[in-house]
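*Asks:* Chains as they are written, first to last, in the working numbering: chain A, 1 to 567; chain B, 1 to 567.
These are computed hints drawn from the structure, not numbers from a lab.
Among these hints, one or two may not hold up.
Stated by the list, open to error - Below, a list of computed lysine-lysine pairs in the DSS-like style, where the Cα atoms sit at most 30 Å apart:
| id | chain 1 | residue 1 | chain 2 | residue 2 |
| --- | --- | --- | --- | --- |
| 1 | B | Lys510 | A | Lys551 |
| 2 | B | Lys460 | B | Lys483 |
| 3 | A | Lys483 | B | Lys460 |
| 4 | A | Lys483 | B | Lys411 |
| 5 | A | Lys460 | B | Lys510 |
| 6 | B | Lys510 | B | Lys554 |
| 7 | A | Lys411 | B | Lys510 |
| 8 | A | Lys478 | B | Lys483 |
| 9 | A | Lys478 | A | Lys419 |
| 10 | B | Lys510 | B | Lys411 |
| 11 | B | Lys478 | A | Lys478 |
| 12 | B | Lys551 | A | Lys483 |
| 13 | B | Lys411 | A | Lys478 |
| 14 | B | Lys551 | A | Lys411 |
| 15 | A | Lys483 | B | Lys554 |
| 16 | A | Lys419 | A | Lys510 |
| 17 | A | Lys510 | B | Lys510 |
| 18 | A | Lys478 | B | Lys551 |
| 19 | A | Lys460 | B | Lys554 |
| 20 | B | Lys478 | A | Lys551 |
| 21 | A | Lys483 | B | Lys57 |
| 22 | B | Lys551 | A | Lys554 |
| 23 | B | Lys188 | A | Lys483 |
| 24 | A | Lys478 | B | Lys188 |
Each chain is listed here by its residues.
Number of protein chains: 2
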Amino acid sequence: MKVFSIALTLSSVVFAGSFYSSNETDTSTYEANRPHLHYTAPSGWINDPNGLWYDAKDQIWHLYFQYYPYSEYWGEPLYWGHSVSEDLTHWNYSGIAFSPPKNNTGAFSGSIVVDHNNTSGFFNDSIDPRQRAVAFWTYNTPEDQTQFVSYSLDGGYNFTPYSGNPILNISSTQHRDPKVVWHEESQKWILTLAHSQKYEVLIYSSKNLTSWQLESSFSHHGIMGYQYECPGLARVPIVKTFHSDELPSNLTDSDEVWSNSFFDNGTNSSLPDTAWVLFLSVNPGAPLGGSVNQYFIGDFNGTHFVPYTSQTRFLDVGKDFYAFQAFFNSAGGTDVLGIAWASNWEYGQYVPTTPWKSSMSLVRNFTIRQYAPNPESVELNLNSEPILNLDGQLKNETSFKIYNQTLLPSKPLSYNVSKPTGVFEFDLTFTVDDSYYNNTIFADFSILFRGSRDREEYLKIGYEANAASFYIDRGHSKVSFVKENPYFTDRLSVLNEPYEMISSNLSSYKVYGVFDKNILELYFNDGSEVSTNLFFFSDRNFVGEIDISTKHDKIFIIRNFEFRQLR
Amino acid sequence: MKVFSIALTLSSVVFAGSFYSSNETDTSTYEANRPHLHYTAPSGWINDPNGLWYDAKDQIWHLYFQYYPYSEYWGEPLYWGHSVSEDLTHWNYSGIAFSPPKNNTGAFSGSIVVDHNNTSGFFNDSIDPRQRAVAFWTYNTPEDQTQFVSYSLDGGYNFTPYSGNPILNISSTQHRDPKVVWHEESQKWILTLAHSQKYEVLIYSSKNLTSWQLESSFSHHGIMGYQYECPGLARVPIVKTFHSDELPSNLTDSDEVWSNSFFDNGTNSSLPDTAWVLFLSVNPGAPLGGSVNQYFIGDFNGTHFVPYTSQTRFLDVGKDFYAFQAFFNSAGGTDVLGIAWASNWEYGQYVPTTPWKSSMSLVRNFTIRQYAPNPESVELNLNSEPILNLDGQLKNETSFKIYNQTLLPSKPLSYNVSKPTGVFEFDLTFTVDDSYYNNTIFADFSILFRGSRDREEYLKIGYEANAASFYIDRGHSKVSFVKENPYFTDRLSVLNEPYEMISSNLSSYKVYGVFDKNILELYFNDGSEVSTNLFFFSDRNFVGEIDISTKHDKIFIIRNFEFRQLR
């Protein structure tokens, strides 16, 4: 009730569109524990990314988000907050894009398209075709969830509701998250919507963005949990090259390597240039608890999405990556870029950050690539590459490098970071002696990222040869949230294939990591798996020491370790 | 190498069939930390349960298992160990059932059928039809994995290899775990086999148990991880009753409530009496890390298994339940009973038990039931019920009961266990005020099971109203394995629907738990979800105190808590 009374007091201000100054990147308002590379709102609660689109005229990226600015907890009225960026790394808060009509309601998640050809009739010639932004969102009331359209005549900063709203109403309280894409072959707009508690992704088509026809339902796939949320289709480029080093020995080095399982006819077809990916979020009910984002690779013919296989895959195997959405448009035209909410509904409201609560993931660029999950298979896999522009105000300082160092118990490697900022990236390539796989010895090496003010706090990443898996341990903290929240899973593991088979018993692995105050994104083997997880040290106890060690002789060789601190 | 030299020394003894005395239940050899209700071998390493069958003549249950008796680590020669039981709770070790032909090979996992009608020709009239045991197993050598048959002329204690072995050989090193069932309609034997790294379950049929024809392949379903293992088909009874209390408000109380999603025609068909379930293990690559057992509900027509849906589901959502196998036959005829290995390949070899390593799960009885995972759906679900016979040497002592107690921060409930044994069960029913769901307050209650010798060690189980999920925390231990093994996930969560909707904002949940020295099995809402997890306290620090508490007024009412210590 307290939260709600504040909302009423401030609501008149909200409609002005900007009540926080957009100077969060100004060093004078520097807040020590706030992520620098991951988007956070000035203050208050955020969750799902919404309405992602690229303005090709002004060359600006738009990010909207579920926003309750009055509190560090979710609440209503729930707005679409708005932020813009020229490089996908530095974002400027641009105020509230739009508000729900009533205080005890919400402008729930949705998407934006550029209606270049004015199929909707919302625009006249004065609006540049590249800026004809049309937003689709769910109007959440205590009675139902219906789908609304709003359009912008100023390039995405202010929006006008369509007079014919709602455009879709099935008298359901669980019908939400419209994501619209363009389907070139059928020359139609396609809208996907979660019929959440029926475990359905409803697929609609339209010629004009306001009149929609139900074409099909994709239901009961993957992990179902309590409900489906935030479905979305994207046509993703397929990268056809496949290094011979990565190939299983019984397969040939060719662009046409292709698992029989993807098509019914079982032939080694040439790979197409693209495949469709259906993104689908589930919450609660993830295997790790709470929220998870899965994806399916398949075909979409304008009416039906058919996955190539019935397998279940996760977009990110960490605990903090949810409600992913892809951008409409990209600077490159065919690139599929997207952002997720970097938290988990199990504990997102209780994490120890203030005055902001929750951040977005880094922007990722997605491609489909072939990879070998074991010695006998080649499968398609969605590959993630982080987009980071570090040329601007963030200075890239290479601080620490190691090459070709065999790890020995007697010689642990240690590095002290000068003037720790809590923001850095690292590259790691190592080799492991494969004869320790399925052995009886627990043979691991680990990297401890220790706090500068209190080294008893650390984040641990390692690899163990017998289980052939990476592990992440985020439990070594004095922060009460970390110690006490029973859903804040301490230990996670990540299975990934070797990046390269150097010889019959020597495999190499690659890891790229970004630490950003309290967010860690780990990209394994150039992004064939990603694990995104929050972690929390005591106030301003940034990573100040890096310790690499093993208890086992000569199993691991660090081929390359490079640590780059960012300010 | 040390392990192997011991193997060579003892191998001549092995073939005698029994080199450990079978007195592990004798109190004179009582080992304080050994589970009493979960099967463990006298000493050494065990993994997958094998060859489960019921001898209807002598009314004896047979459990075989992957066994390396010379070490607490997996090794070769790998045997089929053997144990028998009259009540599925008390087991007697019966020696080595059979051995692989060579020392550096293994008699890998497989199954047993009763060849009542002597379709194989292995038996003559002197062998009772109910005891005509035929075993199928994978012969693992460094060169390949091929499928072998052995038969027993003495009711399952000793086995003779079939002269025509192998019965299946596809020149693969990854082709294993034959499980055979009888398909009544086609009057054929059906064998399922994992083509592990191709992500295929191969389905074969036979009239005579030795000549097999490939009928189909079930591939690329569910979580795939690194490889598939231990597939198995079973025809599971469907329980048609559905309590009106459990029904979503928009559905009627009827035996025919049935989700549209299960059949293409979308009608509310009557439920059949049974459905086929395909069990499938994956390791490594489980979402929680390492090993996991999934299942699919569908139809099997004698050649093809077709799941009703493409969803992914887990047989047990804990970390320690793998390589499940169902018994061939049951005392009741149609019951589907089964056992899993209660460990995880990520850390199973390193858990702090000695001289035995690993145990089996309790025997579970499976049915398919309808349940409502959210207010809008009714789905089929595999339900698990533990089989426990506590009438024999284990005495059932009701020690502690609570009825209708509203939890208050000022009045935590505490109970001290007299003469703790480390073996007990409990029943819990509680109600939760649903208005705290999706609220901003982290509102939980928890039960701490504390050690009797050191109460700083405890296992914690709780439920939080905002996330509407159970949690399990097994990390509060002084045991170095628990503190240091990075794969021993501390915190796990379990989502389960309410057992009963008492009113519009009052839900009730049920939990049944069995603690057995270092194994905890938790059955939520009469077994609609189960979570099985190992935990470790210091030596003989058995649970001696139970603390139930909350920090929040009047959200939770303990309707019933009953603790029963077992000796």
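*Asks:* Between Lys483(A) and Lys411(B), does the CA-CA distance stay at or below 30 Å?
*Replies:* 24 Å, holds
*Asks:* Would you check the hint for Lys460(A) and Lys554(B), treating anything up to 30 Å between C-alpha atoms as holding?
*Replies:* 40 Å, violated
*Asks:* Tell me if the straight-line CA distance from Lys510(B) to Lys551(A) falls inside 30 Å.
*Replies:* The given pair, whose Cα atoms are some 45 Å apart, is violated under the 30 Å limit.
*Asks:* Verify the proposed pairing of Lys478(A) with Lys419(A), using a straight-line Cα cut of 30 Å.
*Replies:* 22 Å, holds
*Asks:* Given the hinted pair Lys510(B) and Lys411(B), is their alpha-carbon gap at most 30 Å?
*Replies:* 22 Å, holds
*Asks:* Decide if the proposed pair is consistent with the structure: Lys478(A) and Lys188(B), CA atoms, cutoff 30 Å inclusive.
*Replies:* 62 Å, violated
*Asks:* Would the pair Lys460(B) and Lys483(B) pass a check requiring their Cα atoms to be no farther apart than 30 Å?
*Replies:* 16 Å, holds
*Asks:* Is the Cα-Cα distance between Lys483(A) and Lys460(B) 30 Å or less?
*Replies:* 13 Å, holds
*Asks:* Between the alpha carbons of Lys551(B) and Lys411(A), is the straight-line distance 30 Å or under?
*Replies:* Violated, at roughly 48 Å.
*Asks:* Within 30 Å, alpha carbon to alpha carbon, are Lys460(A) and Lys510(B)?
*Replies:* 37 Å, violated
*Asks:* Measure nothing beyond the straight line between the CA atoms of Lys419(A) and Lys510(A); if it is 30 Å or shorter, mark the hint as holding.
*Replies:* 27 Å, holds
*Asks:* Is Lys510(B) close enough to Lys554(B), meaning Cα to Cα at most 30 Å?
*Replies:* Distance of about 18 Å is within 30 Å: holds.
Checked against the numbered hints given earlier, this structure breaks hints 1, 5, 7, 14, 17, 19, 21, 22, 23, 24; the rest are met.
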